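Please construct the entire structure, taking both the sequences and the accompanying hints into account.
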Amino acid sequence: LGFTPEGVVTAKLGFYSQRYQSYAPYASFIRGLLDNLEQRPGITSVGISSSVPFDNGYTVMQVRLNGAGPELATGISTDWRVIGGQYLQTMGIPLQAGRGFNDADNRDRPVRSTIINATLAERLWPGQDPVGRQMLVGDSRRPYEVIGVTAASRVRALGRRSEPTMYFHYLQFPWASMTVAARAPGSTAGVDAAIRETVAALDRDQPVSEIKAMMQVVDDAAAAPVMNASLITVFASLALVL
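FYI, our numbering numbers position 209 of the sequence shown as 266, with every residue one higher than the one before it.
Ranges of calculated distance between the beta carbons of each label pair, as one might list FRET restraints:
1. S74 x G243: 28 to 38 Å
2. A258 x Y73: 16 to 26 Å
3. A296 x N159: 52 to 62 Å
Note that these hints are calculated values from the structure, not bench results. Computed from a predicted model, the values in this text were never measured in an experiment. Backbone N, C-alpha and C fix where the C-beta goes; we use that ideal spot for every residue, glycine too.
As structure tokens, this is what we get:
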């Protein structure tokens with residue numbers, strides 16, 4: 058998988074109300090959510106992301122080098138996530154080089170920062186250290202500096218290899234649809250209630266939906282391949298009998 062789903066509980070949040078159309082309330086809510094949940098007994102780390110693995114919430118953007126040659130002129134189709142807190146640590150995605158995001162990775166940073174996975178790093182800078190290098194994302198001419206590199210992990214589906222993936226910080230790239238993830242390695246009992254209580258304390262009008270254990274998300278992703286394998290077995294057995 059490239060991540061560790063055991064002991065992780067996720068819940069979806071949508072920042073669509075008028076209150077969160079401004080940057081400051083949005084950033085303040087997420088910061089308060091992460092800080093408060095981290096203080097809950099049994100929870101060892103908390104993060105937030107625009108989409109967790111296998112959740113069908115992925116989109117792609119083209120990534121290219123500034124002044125790239127013909128082989129990268131059209132860019133590399135790359136999955137992306139907006140994350141915050143200790144998302145990588147919570148999901149068990151190892152950081153292989155560089156650093157994770159911190160509060161300095163905000164709108165005031167002259168060059169925006171990004172974390173990429175090893176698959177994208179090898180496509181853009183084969184055999185080289187990508188940390189400190191810059192790339193262009195989509196149609197923007199504003200470069201992003203690579204501050205860290207994660208291990209490759211599956212984010213779309215069990216049957217696919219690791220796709221090129223990049224991560225942005227929510228303080229630089231606010232996103233309305235987010236999923237909070239909390240790791241409780243001893244027992245996940247009560248984590249769902251802790252999430253609901255913390256959200257309600259910050260904003261009683263903020264809805265929480267689809268609270269799931271990451272193991273359930275992985276099991277759901279495996280359901281279709283398992284069903285297909287079962288059907289193939291049935292038809293193969295019938296063919297053998299005939």
